[in-house]
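Participant: Using the sequences and the accompanying hints, generate a full structural model.
Protein chains in written order, with our numbering: chain A, 1 to 449; chain B, 1 to 332.
In case anyone wonders, no lab produced these hints; they're calculated from the structure.
Even glycine gets a Cβ: it sits at the ideal position worked out from N, Cα and C.
Just so you know, not all the hints are guaranteed correct.
Claimed, not checked - Covered by chain B, per the in silico footprint, the following chain A stretches (three or more residues, Cβ under 8 Å):
(1) 66 to 79
(2) 94 to 104
(3) 116 to 124
(4) 157 to 167
(5) 394 to 405
(6) 410 to 419
(7) 422 to 432
What the hints assert, rightly or not - 30 Å max Cα-Cα, derived BS3-like pairs, lysine-lysine:
(8) A:LYS117 - A:LYS56
(9) A:LYS277 - A:LYS294
(10) B:LYS107 - A:LYS398
(11) B:LYS107 - A:LYS277
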Amino acid sequence: MTNLLAARELMAFTLAFHIVLACLGVALPAMILTANWLGLRRDDADAMRLARRWSKAMGVTFAVGAVTGTVLSFEFGLLWPNFMSRFGDAFGIAFAVEGLFFFTEAIFLAIYIYGWKRLSGWAHFWSGVPMVITGIGGAFSVVTANSWMNAPQGFTLDAAGRVVETEPFKVLFNPAWSYEVPHMILAAYMVVGFLVASIYAVGMLRGRHDRLHRLGLLIPLTIACIVTPIQLFVGDTAAREVADHQPAKFAGMECIQETGDDQTEYVGGICTSDGVKASIPIPGLDSYLVGFSKSTEVTGLNDIPADERPPANTLLHLAFDAMVGIGTALLALGVWFGFVWWRRREIPRTPWFLRAVAVSGVGAILALWFGWIVTEVGRQPWIVQGYMRTSEAVTEAKGIWFAFAGVLLLYAALGTGAILVLRAMSRRWRDDEADEAEVPYGPQEAAAP
Amino acid sequence: MSRADLAAAILWVGATLYALFGGADFGAGLWDLGAGDDERGEQRRALIQRSLTPVWEANHVWLIFILVVLWTAFPDAFGAIMSTLYVPIALAALGIVLRGTGFAFRKSIRSPRLRRVMGRTFGLSSVLTPFFMGTVVGAIAAGNVPAHGDGSTFPSWIQTLPVMVGGLFVASSAYLAAIFLVGDARRGGDADLESYFVRQAFSAAAVAGALAAVALVTLHSEAPYVYDRLLDQGLPLVVLSSLCGIGVLVSLLRGWRRPLRPLAGGAVAAVIWGWGVAQFPYLLPTSLRIDQAAAPSPTLDAVLIVFVIAAIVVLPALGLLYWLSQRELLGE
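Facilitator: Right, dumping it as structure tokens:
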């Protein structure tokens, strides 16, 4: 038991750390290329400077993301050897595809990041386009591996429970991929859009209202605000699909005790076996959200065997509500921005708008984490829904708590280091605006060896 | 050749490319560590940084490739290795984190003191990571990983052969790196730097050769199955490796630069394939055969298809990256 808890905490922590960097790998290339395109198309030196700086920053985050991602690959085996030896032949297929995307992304990312000075403008721009495609492809394959754990199919077991036959396409296109994958890709664009915008919002709050800052805020914020309403729609669909595929998870996240129709939607609160305390109840809404009618029957925890119910019900419920709450707040921010832009073609003047943007990055990351808590804790006690329990999958290796403590310290240093390095880079850029190294696409003569 | 054998061959292709390119990156870290104080080492470190910067992340992906092919095509072997050798594997993972971030942070900061700390982190972890990876390979060759996993935690890899193989990994990484850096230094037109790395290549070759000889003797007592086949079916590859190694030494002495990289690469690749041939048909000698560990055919087909796509898409892209990098078209 203690090994199981330690392994789960370690996995959760390293995943939470990595996923922020993974989002940057998925969505930052699109922001960079947007700035690069504006720069080339309109001969805009500020946009070009932004593209160049963001790509330098991505050089750092991609390096940290590549190593923390490698740690996760090791952890599959180190923490869950029984899961991998039993289901690696099905679960692994998505990762084989992921390997292709990640490899291609790493190659073109290197060409793009280090190609600023010596490649010609448009050739350099096009060398970056594969990053956008492979980022999305990579996100598809990793998330479809996770959705397979939620809705496993495409394999046949023998009497001993071993996989004897596989159907790779059914593994890749399992029932959960169609809502998990877009939900995560859109989340990556939201996280990166709001995060990058928030950095420039902080700069503007500190009085730096130059064009570079305005553009640095506008490009990512526009992308994030376009994506947010789509995300809310996809998320809403996802919740209905979860209610359908994983009733235990849905009952856990909505705190539904008894199966039946006319279910109350509880906003916030503490889940107990005799109802939800300290919440805002909205009668009938939960049934309505699941089936567009108050008479929709929703499965409650009473119909789930006691040893198959997700743990930490309150955590699950609050994480879900917080994710939806933050998403809605970000939508409101986007409406505010969109309205003012439509009327006046400018960023809202009040500092409250900048303050809201300044916290939106952290908010989006929190929503991302809460969403994954719902997905992962909500699937417990299963690692492969209905087929293998997490407790069967865990390693018997000793010292996982020590490893966890060591990883906490290591990642704390890593995170602090990365942030300090990025801040130092940004300060350096501010101090020498006219730095020669900042001028992209320098003279071609320099290319001669 | 069965599908399972083909998948094993793909695994070996990945291991070879990782050993050559990832290995050279680790070796460069060793030379960075031993480059001397700030003043003396400045040029050497600058060359290492220029050589590694655009390519190390792509080179690193071969490791991911190996892990993914292993767990998808041979899940039983993956589980068995991970549950037995979790200590050296976790240490290698730690080394990978420190190596990558140490390198990436160093080139992005300016404070000399912090740069030194990051440089040492990068250098030390570049030595420890291949060492622990080598102990894993040595422990597998020695038959210390039982097919059902959960082998002994420490005796499985703290043994003469695994430790020797660990040392051999470090030495051959350093050897490859020195050879690569000789070429990069020559392209940069720095004769002092070039002759420095020629000297380092000689010393690394001597150490790697000596360790290989010791490892062979240890193989006899600790991994008799692998030993017997290595000197039987694997003999041509052992001879090929030795010839390539001699060719490298001759080229270095004569000042021939063109054949250096292919010959040094050949010397290392031949050993890896010699090891493969010597283990055949086992993935884990002598408890788990390739066909026993293999995933169902549709999964193996998927792995083969992915490999073919990789050969069509990834390899040309990788070639483009190396070409641009070697023509000095990429840089900070």
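Participant: Of all the hints numbered above, which does this structure not satisfy? Sort the numbers upward.
Facilitator: 10, 11
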